[in-house]
Amino acid sequence: MTAMIDISNAEKTFTMHLQGGVELPVVRGVSFHVEPGECVVLSGPSGAGKSSILKMIFGNYRCDGGRIGIRHQGAVIDLATAEPRQVLSVRRSTIGYVSQFLRAVPRVATIDVVAEPLIANGTARAEAREKAGALLRRLNIPERLWALPPSTFSGGEQQRVNIARGFISDLPILLLDEPTASLDAANRAVVVELIEEKKRQGVAMVAIVHDDEIRHLIADRVVDVTSFAAAA
Amino acid sequence: MAEPQDVTLDDEPLLVAEHLGKNYGRLTACRDVSFALFPGEVLAIVGESGSGKSTLLQLLSAQLAPSAGRVSYRMRDGVLRDLAALGEAERRFLFRTDWGYVHQDPAQGLRMAVSAGANVGERLMAVGWNHYGRIRDTASSWLERVEIDTARIDDAPRTYSGGMRQRLQIARNLVTEPRLVFMDEPTGGLDVSVQARLLDLMRNLVSELGLAAIVVTHDLAVARLLSHRVMVMKGGRVVETGLTDQVLDDPREPYTQLLVSSILPA
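Chain order of the listed sequences is A and B.
Start counting the first sequence at 1; every next residue gets the next number (this note's numbering).
Start counting the second sequence at 1001; every next residue gets the next number (this note's numbering).
Okay, chain B solo, but in the shape it has when bound (with noise of 0.2 Å):
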């Protein structure tokens, strides 16, 4: 359905962003964005290009320092954590094993010249797994939940079509059980017949693994069916955010509005 699934209430936030800001120089790329991830929630960043929303979505992952405010993160052992004071073993651990990260261009996310099992291996590799038959079963299992033909196993992925390639950086990302994933415009470059699958796909996938997650995307109908919530940005600011079906179906700004309505019907 076009709902996504639900999450459970759970008290304590998985992240927490507060006043998060980033200029460069004088241009304010994002302002004042303040917000808590529950776990298994997931989170859609819209806005146009320009908006902010891929500024906020690398502040949040660790990947650019904010000029303001601060991103803090409940680390396994279930204490909250300052992502600026973390040690680099600390870093390592959460890029490596708690977290995902989907690219828009999957060519980011993986290495195109080694083969499907290796990119999906090597997440395993840095965990400390190192029995090779254990690994190469893993892989294996993780081709077949995103729908690859496991005889593809050793083809590296630049022999593979656009929507393959994104459904093994997906497969990449969660073989580690991660608790957090971001995921900037996953559907982004694909054909639309394509996109269905795909979304249908990781809507499954998040629900199963109980995952949290923070979409970044522009297109209204991917918030939709993933997220829970959405929060609407422009011009580095969130304008509005809320329950994603009562945002879109009762928007209250006027972006919003003019967002909304700018869909053309299919």
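For reference, chain A alone in the conformation it holds in the complex (with noise of 0.2 Å):
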């Protein structure tokens, strides 16, 4: 196998036992795979599981039944059946995520919060953060800003911090969630170039995008969840 990710017949339902156990089906029969380099983006509508099968993935939500295979550390493990530990290990060495909302601890300066996946894996802190300012610049937050908590930024500067937080490592696998949504157009085109260039260094992606023209631009291959729709 060369894929990064590799999914077959997951599936995950929801059973709500606060509303008398009702079983919510999200997906099912998830089969993709993606490899080195490229960037696959996820079409449906809202509601359609786009985002459940991101989590899924990085094994935030839990898969009850099928197979995420994902090449780590030179081998494949299943995310379906990991320990806790592993995929704590998968997400520090291997998948890194962007999620839509940033969720900060209070209290940490913005430069920190984008460096810190860097000094998490072992990277100098002086390092990183020269990393993070270069990333936070591009992505046009100014320097007065960095050593302020994200907290009180507004919407789209919050998923800037976001954005370069997720692209400052050098992981193998990422996953966007509507990474361009609250974005103006040059810093939609900044993003564009960002996953440009980690194609350009074979990382494979998995994109929510509702932009049909970024879509266009990114995408080098749409998988239409409403096929894995669990019809109840």
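Hints are computed from structural coordinates only; laboratory data are not their basis.
Only a predicted model underlies this, so the values are computations on that prediction, with no experimental measurement involved.
Keep in mind that the hints are not guaranteed to be accurate.
Sample of chain B residues facing chain A (criterion: CB under 10 Å; computed from the structure) [stated by the list, open to error]:
hint	residue
1	1034
2	1038
3	1041
4	1196
5	1197
6	1199
7	1200
8	1207
9	1228
10	1242
11	1243
12	1251
13	1252
14	1253
15	1256
16	1261
Virtual Cβ for every residue (Gly too), placed ideally from N, Cα, C.
Got two chains here, separate frames each, mind docking them using the hints?
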């Protein structure tokens, strides 16, 4: 297998015990793969399960069946059955995730929020901060804001901080949940550029993007999630 | 960020609990708890009052003898030993050096009438440090690490605010570079603004020092911020366990769903 991500027959159902145990099937039969240097865009209407699939690949949502094969440190690991410690190891050295919203610890300066994934992986603080600064500059976050915690920033600024944090590491897999949703045209173009650079480095990506123009620019392949609809 | 920093994979567990149970007469406080904690791993035990989480913490830290099962700990020589079978000297070594215990009420973990410097220095003297200057320097550098003004080193903690006392208790515990720290509702008695600062501080210290920790809390936000793994308890039993963000974002058990959905949005 050369694929970085190889998913077969993955499925997810929520059981809502507080609503009398009602079962909410989300997706089933999810099967697709992503090669190095490739960006696969998930398409489908709201509620089709796109974000759920990304969360399953990140190990944030549990998978009720099937297999989520991830190439990790030279071997393939099935995230559907992995131990918590293995999932954390995969997140440290293989999979990065850019969520829709920034969830930051109060008090931590923006530059440190962005540098943290590198520092956690053993990069020297000064070098990590330098790289963080370069990314923030590219994403048009003015230097006078770097020492402030991002909690007071606008939605678009917070998203750019989140993108910088997601793109700073050299991880072989990157999951992007609407990375351009609240950005203006100039910043959207920067994100498209960053994605292009990751592709050239051989990073495998799965993205959710609603903007047709962006999807056209970044997608090597589109996977239609409606075919995985779990009909109740 | 909201996620705790990662652990490194290490194949040998630091602490192992096997079928732990505790009864008080006919009352079962804790039943059939088994898990392994690895070096550098932070485990949160969550649940409401009376769920057995504090009893469990006392069993794990050898302050209470179990009615069933056992707890083993890997001593510094690499051998996994049953806590119940340890000699007095070994137990003392654990409590004074290799373990920390952070109480919810700092007054239980500190000596309130002696100076902050002595509170920190005392743990060092207990492990054989005897050079006054070095003890004072180390105490002072730990006060700085927990963001206490070193000008207050000679003041007793009873003159400190609640947040400062809790930070001092943490410094006192960490000064001997323990490998495992038990924390019982560490942010429980503090104002919300003070909690955030303390959590950020604990999170950084735990990751810088590569500490393993077992944190009892009823606050799911604390569990999310500090822990890698979470154990949800109800009626003395573990009802659900797993990666912290998985359990909190995708809870499976009825009780966990109730806990998660009961958080009031800020």
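- Query: Hint by hint, which ones does the structure fall short of?
  - Reply: Violated hint: only 1; rest satisfied.
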